[in-house]
Amino acid sequence: MACTLARRERSGVESRLRGAASFAWRHGTGLRVGRGVEVIAPEHVVFGDHVTLFGHTIINAFGASGSVVIGDDTHIDHYGVLYGQGGLSIGRQCAIAARVTIYSQTNRFDAARDLPVIEQPVKYDPVRIGDDVWIGAGAVILPGSRISDHAVIAAGAVVTGASVAPWAIVAGVPARKIGDRRAQEGRAVGEK
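So this note's numbering is basically just the index in the sequence shown, starting at one, shifted up by 5.
Hints are computed from structural coordinates only; laboratory data are not their basis. Owing to the predicted nature of the structure, the values given are computational and were not obtained by experimental measurement.
Across the chosen pairs, the derived CB separations fall in these ranges:
| hint | residue 1 | residue 2 | range |
| --- | --- | --- | --- |
| 1 | D54 | D185 | 27 to 37 Å |
| 2 | E43 | D119 | 29 to 39 Å |
| 3 | R40 | T106 | 12 to 22 Å |
The C-beta atom is built at its ideal place from N, Cα and C for all residues, glycine as well.
Just need the whole structure built from these sequences, with the hints factored in.
Here is the structure:
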């Protein structure tokens with residue numbers, strides 16, 4: 006079931022469902038929602054305090070294993086896509102840039118060679134993102150990924166179900182460690 010959230014000056018968040026009754030949203034104070042944000046299965050989504058969802062973000066928590074939890078003071082930039090059908094947890098004070106896609110489920114293609122890929126079974130594997138994580142524009146996070154506190158995922162990186170250590174800076178396809186955030190004080194990612 007899809008719904009659209011709208012920001013209201015006085016009453017916080019109002020939900021508008023296409024042809025269905027309103028849900029009681031589980032969110033802290035100060036939830037800010039841009040235009041065109043879509044939440045699928047909102048009953049499985051929890052927002053902390055001061056979460057910001059910029060325009061055209063899509064959050065999908067549909068299914069038996071579906072859940073999305075977004076911690077306090079986290080910002081999801083424009084056109085972010087969060088697939089939480091296998092479970093997705095994003096910590097506090099995270100910055101997720103534009104066009105980031107996070108998957109907690111995928112189609113398997115190894116189960117039966119005679120079945121088309123669309124008929125193959127689905128694999129669910131939760132994604133966990135710690136506190137104070139920065140995910141750069143266009144990055145892709147695949148099922149089973151564990152991103153520890155204070156990590157940086159560079160723009161365009163693909164995290165392939167791996168664990169990213171605390172304070173690590175990762176980049177590339179597949180993402181590999183290129184530095185340590187503590188050593189980058191005062192410099193941009195990738196700057197010497």
